[in-house]
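Residue-level listing of the chains:
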Amino acid sequence: EAGVTQSPTHLIKTRGQQATLRCSPISGHTSVYWYQQALGLGLQFLLWYDEGEERNRGNFPPRFSGRQFPNYSSELNVNALELEDSALYLCASSLVGHEQYFGPGTRLTVT
Amino acid sequence: AQSVSQHNHHVILSEAASLELGCNYSYGGTVNLFWYVQYPGQHLQLLLKYFSGDPLVKGIKGFEAEFIKSKFSFNLRKPSVQWSDTAEYFCAVTVNRDDKIIFGKGTRLHILP
Numbered sequence: 001e002a003g004v005t006q007s008p009t010h011l012i013k014t015r016g017q018q019a020t021l022r023c024s025p026i027s028g029h030t031s032v033y034w035y036q037q038a039l040g041l042g043l044q045f046l047l048w049y050d051e052g053e054e055r056n057r058g059n060f061p062p063r064f065s066g067r068q069f070p071n072y073s074s075e076l077n078v079n080a081l082e083l084e085d086s087a088l089y090l091c092a093s094s095l096v097g098h099e100q101y102f103g104p105g106t107r108l109t110v111t
Numbered sequence: 001a002q003s004v005s006q007h008n009h010h011v012i013l014s015e016a017a018s019l020e021l022g023c024n025y026s027y028g029g030t031v032n033l034f035w036y037v038q039y040p041g042q043h044l045q046l047l048l049k050y051f052s053g054d055p056l057v058k059g060i061k062g063f064e065a066e067f068i069k070s071k072f073s074f075n076l077r078k079p080s081v082q083w084s085d086t087a088e089y090f091c092a093v094t095v096n097r098d099d100k101i102i103f104g105k106g107t108r109l110h111i112l113p
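From first to last, the protein sequence lines stand for chains L and E. Using this note's numbering, the first residue of the first sequence is number 1, and each one after it goes up by one. Using this note's numbering, the first residue of the second sequence is number 1, and each one after it goes up by one.
For the record, the hints were derived by calculation from the structure and aren't laboratory data. Predicted, not measured: the structure shown is a model, and the values here were computed from it. Hints may contain errors.
[Claimed, not checked] Where chain L lies over chain E, by a calculated footprint (3+ residues, C-beta under 8 Å):
#	stretch
1	43-55
2	100-109
[Claimed, not checked] Cβ-Cβ distance ranges computed for the label pairs, FRET-style:
#	chain 1	residue 1	chain 2	residue 2	range
3	E	ARG77	L	THR111	42 to 48 Å
4	L	PRO61	E	GLY22	30 to 36 Å
5	L	ASN77	E	LEU112	41 to 47 Å
6	L	ARG63	E	SER80	44 to 50 Å
7	L	ARG57	E	SER18	40 to 46 Å
8	E	LEU13	L	ASN71	40 to 46 Å
Ideal Cβ placement from N, Cα and C applies to all residues, glycine included.
Model the full assembly from the supplied sequences, consistent with the hints where possible.
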C-alpha cells in the first residue's frame, strides 16, 4: 500500500511570491494534516482537513491556506512568502480517530 | 495551552547502553500519546502510541514507553540501543484522537558504534 506522497520535493521561491504544495493521503484516509518543521521551532500544526472541510487551524497567519479535494488529496498555499517561511512542510493522513501517517515533506526555501 | 516538553535535546550513547528519553505534557484531561522517530534522510514514522489500557506500551524495534498519569509523563525506553537507532525522536500528544498533534522539540540521539 502506498504511503502519503507529497510534491514537489523541493521548492525555491523568492520573497513575496506564492507557493503551492500538494499531498496525497493513504488510500481510504479522509483526514489530511499539514505541519511546518522550521529550524529551531520544531514541528508545528498548521491545518487539518477532513471530508473537504477545514476542521482546525494552528497559530499561523491567514496567508497560509489550503483545501481538500473530493479525492481527499490536499493543497497548501502560502501567499506573500517571507524568509521565515523557509521550512520542511509535512503532510499526514489518517482515518478520523486514528494515528497519523506522515509523508516525506516538501522543503520550501524562500530567498 | 497544551505543550510537550522533552528534557534532552541531544543524547550520545554507546551501543548496548540503556536509553530513557523524558517527555512531559501539560494537559490535564484525557490525552493520546505518541513517540515518532525520524531516521536520517527518512520521513517521520510512528514508534509507539498510547490511547488507553495498559500504561506500558511496546513499539517497534524494541522500544517501549510508560504512561504515568500522575506525573504527566510518557518516557521512552530501550534496554540496549544499536547504532541504527541514531535518529531524532519526537514525543507528541493529541487531546482528541482526531485533532492536531502537539509535538515536543525533539531529541537527537546519536549512538556510537
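Here is what the structure says about each hint:
1. Check on the stretch 43-55 of chain E: 5 of its residues sit with their Cβ under 8 Å from a Cβ of chain L, so the three-residue criterion for coverage holds.
2. Given as covered by chain L, the stretch 100-109 of chain E passes the check, having 7 residues with a CB less than 8 Å from a CB of that chain where 3 are the minimum.
3. Between E:ARG77 and L:THR111 the beta carbons are some 43 Å apart, a value that agrees with the proposed interval 42 to 48 Å.
4. At about 33 Å, the beta-carbon gap between L:PRO61 and E:GLY22 stays in the expected band of 30 to 36 Å.
5. Distance hint for L:ASN77 and E:LEU112: a CB-CB separation of about 44 Å, consistent with the stated range 41 to 47 Å.
6. Taken as a hint, the range 44 to 50 Å holds for the pair L:ARG63 and E:SER80, whose Cβ atoms sit roughly 48 Å apart.
7. Restraint check, L:ARG57 to E:SER18: a C-beta distance of roughly 41 Å satisfies the suggested window 40 to 46 Å.
8. About 45 Å separates the C-beta atoms of E:LEU13 and L:ASN71, a value consistent with the hinted range of 40 to 46 Å.
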